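Asks: Residue strings, one per chain:
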Amino acid sequence: MPIIEIKHLKKYYQVHKKEPGLAGSIKSLFNRKYEDVKAVDNISFEIEEGELVGFIGPNGAGKTTTLKCLSGLLYPTSGGVSVLGFNPWDRKYPFLKQISLVMGQKNQLWWDLPAIESFILNREIYEIPKEQYEKTLDELTTLLEVKDVLKIQVRKLSLGQRMKCELIAALLHSPKVLFLDEPTIGLDVVMQKKMRDFIKEYNRRNKSTILLTSHYMGDVKELCKRIIIIDKGKILFDGLLSEIVEKYADHKVLSVVFSKEIDAKKLEEIGEVREYNYPKAVIYVKREVSSVASAELLQHFPVADLTLEEVPIDQIIREVFTGKDVA
Amino acid sequence: MSKYLQIIRITFQEYFEYRLNFVMWRFRNLISFLTLIIFWLAIYGEKDKILDYQRSQLLTYVIGVAFLRGIVLASRSVDLAGQIRSGELTKLLLQPLKIFNFWFIRDLTDKALNIFFATIEIIIVSKIVNFSLVLPKNSTDFVIFVVLVILSTLLYFYLSFFISVLAFWTEDVWATRWLLGIVLLELFAGAYFPIDILPSWLVRIIYWTPFPYLVFFPLKIWLGQASINMSIKIILISFCWLIFFFVLASVLWKKGVKNYGAFGG
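As they're listed, the protein sequences go chains G and V. Take the first sequence: its position 231, counted from the start at 1, is 231 in the numbering used here, and no numbers get skipped. Count along the second sequence from 1, then add 1000; that gives the number in the numbering used here.
Isolated chain V (complex conformation) (with noise of 0.2 Å):
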């Protein structure tokens, strides 16, 4: 267990070592989460109700973003990718540590600052612009939407794992992750604005996609927007594409490591 408290340690040190990149990057999330409520605000003008949404439920699902994105959407495998093209990853299997378990550690710290940081800017913000935030109507969907943020947590971070992983074949692992982070996977979870005022046939579309299931649905259950049977639904099918990426982030980590060719020297 102590291996993890120094994993855990060791990942606070280096983002005091560069603080100044974790202050930037808090910020440049401060800026786009302030731009995303004041474009809202304007959107709503005088109106109380826009595309089935309450003003005062979009803008908590705003929030919900910024602190999703912080839990869900943040994960620090991204630097396996580099570490397999570098040839840095011998000095992690060189030793007696499961390389899932290093990476997940390093990223529950991650979430830990994040939580941390993001609470602070959600008060911030909440100052400037007066609002209230809508809370769960009961604590079924409350625990609902804990559980599954705790699945989509997960499958964030296979779902990424499988990508870094990639790196064992492909050499330009990150314009694939430009392309599937930016574009695709931030829009379609719904991180910019809630999928459902899209058109019907998209979000159909989307919906069988897994990408919904990380900030989407959760937020659309922390609102009551979602019936129970629609929730129950909604974990079972988060479940199952946990256990899919999971698979195949585990099998091609396999393949992968018996294809690596550990470069350099």
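For reference, chain G alone in the conformation it holds in the complex (with noise of 0.2 Å):
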């Protein structure tokens, strides 16, 4: 049985328009515009206990509305969400008490208070018993290293060592499902590696099923195998990280360096070129003639040096959402 399930899933906000100024408020007093906003429209996915999956998509395109679904903060429009067996909404103890939602932006903590403050009261909250916080608060101070910052105020801490505190707050109770919303954001290249790293681990130690959210490519692409790609409410893509190179990039990369200048036009025979500039060269050719290409390129003309490589997946996924087709 999947540990997350959604069936047509609608989210539907109500949100009034209003035009600028004191004369638009006056305005929107007497005759209120509101206007539906399809925050999710019809959304429909699995996840099964254990997997990694990565939600991503541009801003506003219904990430975080369907956590928020998921964790039992919003209440749907329409359609079913089961999560481990109850419907989030009831927000029932045995359901809160083994989720987690995880927001970036969001402080949880008790922000005039030190972090172990906030700690404390969630091993109240969640009833943790005293050997098994101590445990986890152990191993995951260590495995963070937040060890000597936990008795600081916790608006004293720099962003990375809040982040880290955040998490350590919604995994005291080792919740079986956890719902990360950008999780990196904010943080520097370093803490993002350390996080990613600590994410990893966290879902190969504990088999907790993780959702998580990122515009950071980098995030997805080295924790997820499986994504779902969501624009405007919508899923476009739901399936492998592999796949979907596949499926999307029917093309190949042709990075060229030249050793003498050429004829740009003839160029054009070899494939699509995206890019020329004296002495590199990015060509765009099909995957199937792709070998053919290169060894076209390289008897007609002067090559110093030629890779040939799979489209970036990031490039694929902004292509996927602007609806081009990709390369």
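Be a bit skeptical, because a hint or two may be false.
In silico lysine to aspartate or glutamate, DMTMM-like type, Cα no more than 20 Å apart, as pairs [what the hints assert, rightly or not]:
1) V:K1098 with G:D90
2) V:K1258 with G:D90
3) G:K207 with G:E5
4) G:K106 with V:D1079
5) G:K151 with V:E1014
6) V:K1258 with G:E35
7) G:K286 with G:E309
Restraint-style ranges between C-beta atoms, simulated for each label pair [stated by the list, open to error]:
8) G:E131 with V:I1228: 53 to 61 Å
9) V:V1147 with G:M1: 48 to 56 Å
10) V:L1005 with G:E145: 27 to 35 Å
11) V:L1005 with G:E131: 18 to 26 Å
12) G:E49 with V:T1209: 51 to 59 Å
To be clear, the hints were calculated from the coordinates, so they are not data collected in a lab. Values in this document were obtained by computation on a predicted structure and should not be read as measured data. Glycine included, each C-beta is placed from N, C-alpha and C at the ideal position.
Please assemble the complex out of the two chains, which come individually in their own frames, going by the hints.
Replies: Here it is as structure tokens:
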């Protein structure tokens, strides 16, 4: 049985539009125009136990809304949601005790107090046995290297330290299902890497199910086998990360460095020239003729260096969003 | 149970984090308390009785107000409105914790601190202004007073919760709270002077609102100015108001959470 099951989920928001300025405010007082925003528009998917799924899409695609429906914060407009066999909206304690939602932009710790106080509160709220708490806390603080900042007020921590503490607070009760919303937002490259390594390790060790949203492709590329791409409330792709390359990228990328100036027009015969800036050129060629094209290039042009690569995954996804044919 | 202990601990720590804030607030209370006393002393002048109140009764009333302000008219659930607007409520909704309990526990902590400091302030003021406190005539009055204070504390909690919950729909709950909080509530509750010194038609109107049950009637009973029949009636009506706001707050809370956008992100 899948751990997470979403069937035809819809979440529409009603927002009222206001014209700018005071006149607009007064006008909207008497005549409010409401508009439906389709944050999530009929999506369905299932996630099995222990999966680590990447949920990607541009801003406003509906990722966070979906996560909020899954964690019981939002009441769906229609459709069915089931997590661990519960209807999240009921917010039953046994359900809440098995999940966690971490939002990169939101602070869940008590701002004015040291992080350890929030941890203790969570220990009590989630009724975590003392030994288990000590053990988990020790593990997590060691793994994330924050042992020495637990007694410092949260608001005095750096963003990286705070995010780590947020994560610890969310993991103390060893949730079976973890929703991570932009867990690496605002972190520097080194911290991003650490965070990723941690999430990967956590998933492997605890067999917990993780659904992660991010708009850093790096997060997804490194962590998830399976990805769900969502845009404007609709699912564009749901499958293995490797499949997306096959499905959307029927081209490969030829990067060439020439030793002598050449006639750019002639290059067009090889494939689609994406970039030509002597001495470098980037040419897209059909997957099935890629080797022929490289041979031709070597034969007819003064080539100093040549590489044949897959289209970068970031670009494929970017182009999935813009609705363009990829390469 | 221990989760509530930790909430109490956290609430205390927060106060100490903002010591200056807390001290300033108590100072404001002390000043307004002292002003009120001096004002009434000036009005009484040489007279001993004005508008059915003896000098000592009225001073006792003012001290009672200072005390009940800390117990009844104090609720941290004010912050709930802010949390709804900022989306901070999310963190509470995700945890296996009853929101009403959470705020009530925080309120109790708040009230405990208030009682502690209010007592000190009352002692200070009574040293400055010489007078004798009027005590309840018999133990029945005292018991009724305590029961009524408990009821009115709960009543104010749900009333305040109800106003905060409005933040789910209105953008400017602060304006509502200000109007209701400062102008109506405190005046009608009798937090400035005993309501029954007002013209009788106005008094009758005010008696139809829940506000006099918060401060005025409890003190009336303390002063022994309510018969036993009237006391029972007061308790019953107060209880009805409590049920009314409890239901209202609970229903609106349920609806509001459903409406909640969990904004941000």
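Asks: Look at each hint and say if it fits the structure.
Replies: Checked hints:
At most 20 Å may separate the alpha-carbon atoms for a hinted pair to count; K1098 of chain V and D90 of chain G meet this at roughly 13 Å. Using a Cα cut-off of 20 Å, the hinted pair K1258 of chain V and D90 of chain G holds, with the two alpha carbons roughly 11 Å apart. For the suggested pair K207 of chain G and E5 of chain G, the alpha carbons sit about 18 Å apart, so the restraint of at most 20 Å is met. Restraint check for K106 of chain G and D1079 of chain V: the C-alpha separation of about 17 Å stays at or below 20 Å, so the hint holds.
Restraint check for K151 of chain G and E1014 of chain V: satisfied, since their Cα atoms lie roughly 15 Å apart, inside the 20 Å limit. Taking the CA atoms of K1258 of chain V and E35 of chain G, the gap is near 18 Å; set against the 20 Å cutoff, the hint holds. The hinted pair formed by K286 of chain G and E309 of chain G meets the criterion: a straight-line CA distance of about 12 Å does not exceed 20 Å. The hinted window of 53 to 61 Å between E131 of chain G and I1228 of chain V holds, with their beta carbons roughly 57 Å apart.
At about 54 Å, the beta-carbon gap between V1147 of chain V and M1 of chain G stays in the expected band of 48 to 56 Å. Roughly 31 Å separates the CB atoms of L1005 of chain V and E145 of chain G, a value that falls within the hinted 27 to 35 Å. Checked against the hint of 18 to 26 Å, the pair L1005 of chain V and E131 of chain G passes, with Cβ atoms roughly 20 Å apart. Distance hint check: the CB atoms of E49 of chain G and T1209 of chain V are about 57 Å apart, consistent with the given range 51 to 59 Å.
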